[in-house]
Amino acid sequence: MEQTLYEKVGGQEAIEKVVDYFYSELVLKDETVSHFFEHTDMDKQRRHQAKFISFALGGPNQYSGKSMAKAHANMNIQPEHFNAIAKHLHDALAHFNVEEPDIDQALSKVESLRNDIQYK
Numbered sequence: 331m332e333q334t335l336y337e338k339v340g341g342q343e344a345i346e347k348v349v350d351y352f353y354s355e356l357v358l359k360d361e362t363v364s365h366f367f368e369h370t371d372m373d374k375q376r377r378h379q380a381k382f383i384s385f386a387l388g389g390p391n392q393y394s395g396k397s398m399a400k401a402h403a404n405m406n407i408q409p410e411h412f413n414a415i416a417k418h419l420h421d422a423l424a425h426f427n428v429e430e431p432d433i434d435q436a437l438s439k440v441e442s443l444r445n446d447i448q449y450k
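Every position in the sequence shown, counted from 1, becomes a number in our numbering once 330 is added.
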C-alpha cells in the first residue's frame, strides 16, 4: 500500500513543525503578507492550518473550519499575496527536507483553492 503524502512527510508532528516555521520564519517576516495576520490569534491559526494541511496531504480529515471563500472574505487577497504564501509553504516544506515532487503535489492542492481565496 502506497504511503500518503501526509505519512511520507512524517504525519501530524512534522506538519506542525512545518506550519510553525511557515509562520514564524517566513509569513510573519514578509511585509507583503504579514499584515493579513495582525489581528489573528496565531496559536489558533497554527492549529487550524496544521489540520488543513494534514487533510490536504491525505491525512485524517480534522478540518472543520469555514470554507476557503468564507475564511478569506473581505481580505482582498491579490495574486501576489497568494503566490507569496504558496512560495512560503514551498520553502517551509523544503526546509524540512520534503522532496520536490512531494512539494509540487502539495502545492497543486493549494493551487486548486486559488479561486476560493483570491479577490474575496
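It is worth saying that the hints were derived from the structure and are not from the lab.
These numbers come from a predicted model, not from an experiment.
Please note: incorrect hints may appear among the correct ones.
Here are the computed lysine to any residue pairs in the SDA-like style, where the Cα-Cα straight-line distance is at most 25 Å [claimed, not checked]: (1) K359 x T334; (2) K439 x V363; (3) K338 x H365; (4) K347 x H365; (5) K400 x F426; (6) K417 x L358; (7) K359 x H411; (8) K347 x T334; (9) K396 x F426; (10) K396 x F382; (11) K374 x E430; (12) K347 x N404.
Now the in silico label distances, taken between C-beta atoms and shown as ranges [stated by the list, open to error]: (13) Q333 x N404: 37 to 43 Å; (14) E337 x Y449: 30 to 36 Å; (15) M372 x K400: 30 to 36 Å; (16) F367 x Q435: 39 to 45 Å; (17) H369 x N427: 29 to 35 Å; (18) Y449 x N427: 32 to 38 Å; (19) A403 x R377: 19 to 25 Å; (20) S397 x L437: 30 to 36 Å; (21) D421 x Q448: 16 to 22 Å; (22) P390 x E410: 29 to 35 Å.
Glycine is no exception: its CB is placed at the ideal position from the N, C-alpha and C atoms.
Those earlier numbered hints the structure runs against, lowest number first: 1, 3, 5, 9, 11, 12, 15, 16 and 20
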